[in-house]
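A.B. asks: Residue numbers (the working numbering), protein chains in the order written: chain A, 1 to 328; chain B, 1001 to 1247.
Take these hints with a grain of salt, some might be off.
Okay, the calculated bits of chain B under chain A, using three or more residues with CB under 8 Å as the criterion [unchecked claim]:
1. 1068 to 1079
2. 1083 to 1093
3. 1182 to 1196
In case anyone wonders, no lab produced these hints; they're calculated from the structure.
Since this is a predicted model, take the numbers as computed values, not measurements.
In this text, a Cβ means the ideal position worked out from N, Cα and C, and glycines have one as well.
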Amino acid sequence: MSLTQTSERARRRDYRIPLGILLFSVALAAPFIGSRYVVHALIIALVFMLPAHGLNLLVGYTGLLSLAQAAFFGIGAYTAGLLAIGYGTPFYVNAVVAGLAAGAVALPLGVPALRLRSTSFVMCTLGFVIIGQAIAKNWISVTRGDMGLSGIPKPYFELGPLSFTVGGTTGFYYLALAIGILATLAVFAVVRSPAGRNMVAIRENETLAESLGVPTWHYKLIVFMLSAVFAGVGGSLYAHYLTVVSPLTFQMYYSTTMLIIVLGGGAGMISGTIFGSLLFVGLTEALRITPELRMIAYGLCLLVLVFWFKQGFAPVINRVWNAIGGAK
Amino acid sequence: MAAETNLSIAGLRAGYGNLDILNGVDLDVPAGQFVALMGPNGAGKSTLLKTLYGMTTIKGGSINWRGKDIAGYRSRAILGEGISFVPQGRCNFPVMTVDENLQMAAYTIRDEKVKGERDYVYDLFPILKKRRTTLAGNMSGGEQQLLEVAMAVLQRPKVLLVDEPSVGLSPAAIGIVFDELLRLHASGQTILLVEQNTKKAMEVAERAVILRLGKVIWDGRPADITHDELGELFLTGKMRGEAEAPH
């Protein structure tokens, strides 16, 4: 039996590495293949992929449904915007501080919120977005209220003697792609570590995990903060790309979009978040030129999803990927 | 006898919130004994195990464990004291493999020791070794129950609390689970077993403790009580021809 298996495997070639290289090449060549509009849509997809990655750690791996992601996205966007305008700091400083600020705010919010269970927790996280928007609107001396922050400079880098500004769409695309790849690798490292297994244990059976000695409460709080860090970094990219941040950055629509990316892509699967970002943000952004078609396409995607892909698209993607790898 | 006693429960009253289930349980368990806790529904058997594992509200009495009163300790602390609990119903991580489940069970054990402990468990349960890369959720109920016992045993507990391992299992699977419990006991493991399947429990345990309405009403060797007498005790709380046991 093992003999037939080996010969079977020998016959079926593993095309994963060539395909991976191909996909990566397409990603690299995108600004030269696609129109400027397509590249813009890809940037927006990459920006939203960051908070979605964070949310996937929380929802997909730890089993905590949160709608707070837009709040941390907004905190990151405002932090980066204020730093860039007020102090002219380089982009990487803004991005790191934005991530840390969002993570730091998640601590006092997470402590009471994580005491709640299921729906109460979801409602509580929804409240954070609403409070965030109210603060952004009313703390006028800092946030300039409804006017928002405008004229946020394009990402500026200072590496030793070298300093440059990422001005054009193409440049920003590569910046977003690099950060997106780094974030994906970071998520990969987390979920493959023993900590990732403990997170899945909490999702599957929190009581059992607790009784085996896993400090479930600490884990949930740390993952909640970590997901906020991802959202904060995403927010900083968003601020520098659009160069404008308004209280509307804190909106439920963003939280639900991030949730649709994660659940539609396939919760608890990294490939799902990547695919979900491209489908639900990239595609809808690309279809912005035809608003009627856009909402129809979006609606159709959701319908296809709930009828045929209840676990999201990731299981299918993974099956195809494994088939390409030679598995039956 | 007293010197050998490991676990000594005295006047234990406990329950959930305002609801009292245990109304003064007294029980001494010497090291190495296999005790079956039996009784009708609502007698407090499972509650007694949960109370020993720090999962209920204690209202009074004491749980003396090797010279220390552990009443009111939290589950994790009790685990650290060498008491492990196998809860009722499915309690593994179905999307993880057998190996990963055992790694989770080894959470409190230092990294370098984990592998050794896993090998120890695989030696104890060869069935699991064959299934080490199988997802727990894809195994039979009996195998999953064995995995759950193994997860508790991996902590090398001094006392193993097992709550109704036969629930939902086929007779063949029940046989396998009980055989494994017997083997564990033969190697010196102290076991406190709650079981509805009284016939099976009486076969394996060396001591039967019968609870009714939150109190111990009979305590002795299984051989000293017939099945009919057991039924009588369950229903009425007294043996035939005996005055009703005071509550």
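A.B. asks: Hint by hint, work out which the structure violates, then give me just those numbers in ascending order.
C.D. replies: 3
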